[in-house]
Amino acid sequence: MATPNSDKDMRIIFRTVNDFIANDGAVRLGRLSLPNRNPVDTPNYFGLTSRGAVPHMTPDNISKHTEIGGVYIAIEDFLEHSRKRAYPAIYNIDVPGKEPLHAYTATPSSMVTILGARRNPAVTAPSGNGRNYISIFTSTGFQRLDTENYHRAIENVRPDIAIPLADLTFNESKAYSNAKRQLRMVERTEDWLAAFFKLRDPEDTPRKTDHGAHIFGPLLPTDFQTQWEYINRLAQDYAEKLSGLAVYDVNILPDLAEYSSLTHLPRLSLDIMTSPHDILRQVQLGIDLFTIPFLNSTSDAGVALTFKFPPPPNPAASILPLGTDLWSVDHQTSLAPLAEGCECYACTRHHLAYMQHLLNAKEMLGWTLLQMHNHRVLSDFFAGIRGSLGRGYAAFEEDCARFARVYDTEIPKGTGTRPRARGYHFKSEGGESKINEAAWENYEAAGSGDPVVAAEMAGRAATGAKGEGKETPVVPEGGAEELDKKGFAEIDK
Amino acid sequence: MPSRNDLLIIRPFYILTSTFSFQMVSLLKLAKITEEGVRFMSPHDGTPMLLTPEHSISLQNTIGSDIIMQLDDVLVTTSPDHVRMREAMERSVRWLDRCIAAHKNPDTQNLFCIIQGGLDTEMRRECTREMVARNTPGIAIGGLSGGEAKSDFCRVVLTCTELLPELKPRYVMGIGYPEDLVVSVALGADMFDCVWPTRTARFGNAITKHGVLNIRNSKYANDFGPLEEGCECACCRTGEGAMGITRAFVHHNTAKETVSAHLLSIHNVWYQLNLMREVRNAIIADEYPAFLRQFFANLYPDKADYPEWAVEALRMVNIDLRSNNT
Ligand SMILES: [Zn+2]
Ligand SMILES: [Zn+2]
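Read top to bottom, the protein sequences are chains A and B. Each residue of the first sequence is one higher than the one before, counting from 555 in the working numbering. Each residue of the second sequence is one higher than the one before, counting from 12 in the working numbering.
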């Protein structure tokens, strides 16, 4: 972290380049600048990680073949219980000149890290949250995380940006419709936030002080009437401690216009989105930063995104698809790129026929290339949004309207099998068994029964089939239909 | 005019192809081999298929690979059926003739024969003489790595290489463990292929000069060192722009995220390529016996633990692995 600088408000990491007042929300072009990281022009998106990794992509490929400026990381991916370790391993790493979160996950140091308690999307905990804690889902099961432990985690791993605990159930279809539950969510979150700031800054020092991570205050998934007191408190008591807002329901944004102490803060969306249409709507409401949950799941489904912004001329007036299902036999001999005109690594070197071959052969490379492509489509999409906004809000509105007319409403579903269920494929109901249960068998068994480790402990090199443990399979256990039924990559089913 | 394969795969490297992998022999239980070719059920849709030597070469001519392999009649070396083994060996020779006759691009694509004959050294010699007489640009020793004893494997490799001409590449198929590579080189082999480095990566294993480490073991959870100290692969190397991959991070994601399999593959493939680079340097410096002694000393702190098969195989080529001269 940079040292405190008396001339500069360390808390401010966001500058707007151009504001547009429209749709009751402040739409703007902006720039997020954090110490020692590359600046990020907004609107833009950050990569979603699973266990600290952007799925299917090694850190060198992220640097070389994507334009992602930052990543969202969930602390629940690092807090598994272990009889052997008193503290999570990530607390113990010490690399000079590197924040532990960056060092442990090998995140390129030019990239911004955002730490949240839970993944996005998160698995619904069957037992819910408690008065003092939230339920988190680790690879060893559900655990409790309270404000004190979360604060300690932030101090230990030192993310660039952290989102304090909020009493979310990730089950909006049921619980959030309950008014009592909503009120409790707001009250608890407010209490936890007060406790959180107290822990970070017991003396309540004035602004301009560096307290490590920049804090994005949560805006809750409920209507304004239910959380207006909480938002008042954010605006009056905490505005000086906040560097941004984490928005769990974008419909609250129009009501934010009243709060001048909050409007200049960058807004990160953690709201649900299933298509680029949702992204555009959220930009129109004033979101600056996104995480795109449908990106990873689209790649896993074997679907290459194909949309552009502004949309291309469409003289035939046909509805253009948002993506291409690479499993379709139509592509068996096609030498076309994944998307016409795309300049990503995959499109400039390979083509649909090879991609389909890789998916059929269940080669991991297929999903890696697809991730490179889909990330590129999203980066280009946001660059297009910024370009359009640069021409004025009217131009942007016009492009959005045309996008809605030109493109289909939904991303096509992949028709083939997906990679084996991994971290972010868990079933929604925590009480049930996990899709990829087998992979965790003997996880902490210290190699008992593992011939390689046994041989290794005896100081012998062990090679050969008999010396091998369990594979990281790329083939799913069960077909796509089965995974779908089990709630593949969905938060609620 | 680029071949189809140039269009389908961008290829900065040589490509070697074969049409019928040895591994398939065990998988395709229903494969039936006749003089005509191999009949089997398509693993894709279950339709009956016939692969003939002519078809095999035609496919590889279309693909345009740099090295193409003959279709051979192969069965596991451990098969006790001596009559069937002889039939397979003789048929492989006849099929080579058909492959040579069918080969359309002998100037641009190199057809390799495949020596068969199981573990019977006399049969291997006979096959080798027949194959060498047909003067293919390269020669493969096939049918091995199918579960035979290592000492049998070494005996077969040496039997074949002793009869092979000096200036043709000798390719031992399906070999990949580091010990097997360095011993096979001593026995006269030049090139190998194996899925092991990447397959074992998917199992969470890192190949190092001191042996294979299973990174899934919980002892690596707090190990913040590189996969192998001093390794120059993209994961382990240090300095400007280094990825800074730790054993702890790979452990964190083994069997959970494919990224760990990718990282271990990067490291393992680099290890194998670097091993062969060191092998070449040692040969050029005329220090291969010393190289072998150091290689095994790195793997086994106690000479008594050296695998007997390796000690014996190297003795056949006058290298004393347990000698103190390094
Ligand atoms: Zn592309
Ligand atoms: Zn390495």
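The set of hints was computed from the structure by calculation and includes no laboratory data. Treat each hint with caution, since some may be false.
Unchecked claim - Cβ-to-Cβ under 7 Å is the rule here; a few derived chain A residues that face chain B: (1) Ala607; (2) His610; (3) His635; (4) Lys638; (5) Ala643; (6) Asn646; (7) Ile647; (8) Gly651; (9) Ala660; (10) Ser664; (11) Leu912; (12) Lys916; (13) Glu917.
Ideal Cβ placement from N, Cα and C applies to all residues, glycine included.
Cross-check of the supplied hints:
1. Ala607: With a minimum Cβ separation of about 4 Å from chain B (threshold 7 Å), the hint on Ala607/A holds.
2. His610: holds (5 Å)
3. His635: violated (12 Å)
4. Lys638: At 6 Å from the nearest chain B Cβ, Lys638/A passes the 7 Å test, so the hint holds.
5. Ala643: Hint holds; Ala643/A Cβ to chain B Cβ min 5 Å, cut 7 Å.
6. Asn646: holds (5 Å)
7. Ile647: Holds. Min distance 5 Å.
8. Gly651: Hint violated; Gly651/A Cβ to chain B Cβ min 11 Å, cut 7 Å.
9. Ala660: holds (5 Å)
10. Ser664: At about 10 Å, which exceeds the 7 Å cut-off, the nearest Cβ of chain B leaves the hint on Ser664/A violated.
11. Leu912: With a minimum Cβ separation of about 11 Å from chain B (threshold 7 Å), the hint on Leu912/A is violated.
12. Lys916: violated (11 Å)
13. Glu917: For Glu917/A, the interface hint is violated, since the closest Cβ of chain B sits about 10 Å away, which is over 7 Å.
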